[in-house]
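Those protein sequence lines, which keep their order, are chains B and C. When we follow the working numbering, the leftmost residue of the first sequence carries the number 1, and every step to the right adds one. When we follow the working numbering, the leftmost residue of the second sequence carries the number 300, and every step to the right adds one.
To be clear, the hints were calculated from the coordinates, so they are not data collected in a lab. Hints may contain errors.
Pairwise CB distance ranges, derived in the manner of DEER restraints [what the hints assert, rightly or not]:
hint : chain 1 : residue 1 : chain 2 : residue 2 : range
1    : C       : L700      : B       : P85       : 34 to 42 Å
2    : B       : E129      : C       : E633      : 25 to 33 Å
3    : B       : G28       : C       : T714      : 33 to 41 Å
4    : B       : E129      : C       : L362      : 39 to 47 Å
5    : B       : P85       : C       : R726      : 42 to 50 Å
6    : B       : H20       : C       : F367      : 47 to 55 Å
The beta carbon of each residue, even a glycine, is placed where N, CA and C say it ideally should be.
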Amino acid sequence: MTLRMEGLRLRYGDVVALDHLSLTVPAGEVVGFLGANGAGKTTAMRAVFGLVSLEAGEVTWQGARIGPDERRRFGYMPEERGLYPGMVVREQVEYLARLHGMSAPDAKRSAAVWLERVGVADRAGGKVEALSLGNQQRVQLAAALVHGPELLVLDEPMSGLDPTGVEVIGQVLAEEAASGRGVLFSSHQLDLVEHVCDSVAIIDHGRLVVTGRVDDLATGGNPRLVVRVEGDRDGSWARALPGAHVIGVEGGTVRLVLDEGADSQPVLAAAMQAGPVRQFGFERRRLSEVFREALACAT
Amino acid sequence: MRYVIPVVAVLLIGYRLWRRRQGQPPWLLAAARARLARRHRTRWDGPSSPVGLVAAREIRERLRSRAFRIGTGLVLLVVIAGVIIPVLRQGSHPHENVGVVGTLSAPLRQAVLAVGADQGVEIDLTQVPSESVADQQLQAKQINLAIVDGQRVVVKSASSLTGDRVVAAVAQTVALQSGLQQAGLAPEQAAALLHPKVLPVTSLEPAAPPANRTARVTTTYGLILIYILLTQYGTWILMGVVEEKANRVVEVLLSTIRTSQMLTGKVVGLGAVALAQGTLLVTVALVLAAAVGSDLVKGAAPVVVVSILVWLVLGYIFYCWVYAAAGALASRQEHVQSLAFPLQVPILFGYIVSLTALASQHPSTFIHVLAYLPPTAPFAMSVLVADSAVAWWQVVISAALIILATVGVARLATTVYSRAILRTGRRVRLGEVLGHAAA
């Protein structure tokens, strides 16, 4: 039950969309597919569904090339959301369930369950076009999940959602993975999704630049500190500290990276001199930093 | 030979029923069965197949749309009006009131009524007690003319003798009749002279078959029906494809089912609606025409009606693919008009040329040529069938040509569709898509 992309390559004219991209989505894991806009995430996901013609490489499921029958057992939420605007929400979801091979009664039951789960059950009898964009997106998620897919491929599922929507999607993805499904989802908002993923694959210009478990990536590298000193807004006390350098100041909260082998205590001492210390602690590396560093290494 | 076709049909149906009950035939090897299953997957194999589901959705959404229901209602009204109004107009002859003062001999009475029949006017003769009453009634326009003692005619103003054909003709008849009687002829002899019996005439050349005119009338309506339904449903397919592309739902659909299943379902679904609507209109027209005794149906050969429906279907399956491919090239609803227009040109051309040919007595060679070209065959061949200008095998050849062309067009359309449908942002040029194919 593993999805594997191997050596995918595709160009649009002079633009390289996929450059020998290889990626694995194991069963029971949420894999975050991260990268800037235009990095090739959408193209790679389309390749899973045979929607683009690859120049080289192949996508396999359980070791075999993916055909129409396999695709019917996958769930897909494209980046460009799409539903029939004039169709009733419930019928729309049932229709897509039946296209995936469910019987009419099963489709009805499952559509009701999923519309309830994503929180639009009260709008199920209305038309899609009457829903807000956020709710349309929830319906789209229900449509991708309604047939109980073995693999979920979601392109930017969080974009355009309010915090509750993001939370619902995060929960759903975690549950789906816990029940043994593979989940691949893309995002360009790296920090928003880091707690959702088990592992990430970061791509740039169609190339895989970093891949690994989120925990490993976040704890790798030099230790980082978060310090807040009351009354201090710009973190000027932390400038020119020996053994540490500032990587960001946000509303009085200063983030620093310790140099190789450096001690954290001189930093604490400097902070206490500047004023009463309200916060002092170690922090995990953020995915956006991992991403930036990976890009810096790659170029 | 006559019994062969029904017998074969019954045998085929029986075989299918038997097979359904038996399940798969045991002698087919498993491999061959699998190959068959793969090959037939895009075809209609029940309402739960992807094709069936897509078709069912098209039908459901179309029948639900208010615009469709109102449109069908309006077209039905037009058809009903088109059948009934000519009949009503035939039934309501204008009347001419003629007053009679004194006596009117029976032959002269007959002659006056005959004048009315000639002029297409019903003449009502009413007895008036005296000439002065007649004058009053003329003034009050209750009568247009008074005949006094079968000798004189009184009108309100002299101008009505020149202005009103019927009044002038009646006056002339009365004058002739009384003149002939004064010359010494009996009233019957005078009447016989005024209305001689028609001699039996033998023509050396046979007359045109009597059904021909009605067949032409029926075909005229048929051509209009084919034209309207082809352009209407073609545009609907085009708009449906553009809608799916513009709001991107197509990406979800194509990640689930194949392009060919998607397109076939669309075409089958809308085609079923088109055929049902066409059949409804034709049935209403025929039943209504039969009920009110309209010319439309009098002697309308079933062959002509069936031929129109068959060519409607053939024309639809040919054009629908082209419209679907065109829809894939668009990226916004605004492109619908500019994409639909070039597709309407061959339809409009075939329609107009065929209507013109229908008006002339003998179909030209040009029409014979058009009847074998798939884009114009639905119109041109209908005209030839109405004129009985073709043998059955010629119709079969033309139908075979359009079906062959449809297979080619469907393949090309599927290629264009699958290459263009996910290219968004701007209108896709046909050259780009097909050029890509060559590369």
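Hint by hint, here is what the structure shows:
1. L700/C <-> P85/B: 34 to 42 Å: With a Cβ separation near 40 Å, L700/C and P85/B satisfy 34 to 42 Å, so the hint holds.
2. E129/B <-> E633/C: 25 to 33 Å: violated (19 Å)
3. G28/B <-> T714/C: 33 to 41 Å: Given range 33 to 41 Å: holds, Cβ gap about 40 Å.
4. E129/B <-> L362/C: 39 to 47 Å: Hint violated: Cβ distance 19 Å, outside 39 to 47 Å.
5. P85/B <-> R726/C: 42 to 50 Å: For P85/B and R726/C the Cβ distance comes to about 21 Å; the hint is violated.
6. H20/B <-> F367/C: 47 to 55 Å: Since the Cβ atoms of H20/B and F367/C sit about 51 Å apart, the hinted range of 47 to 55 Å holds.
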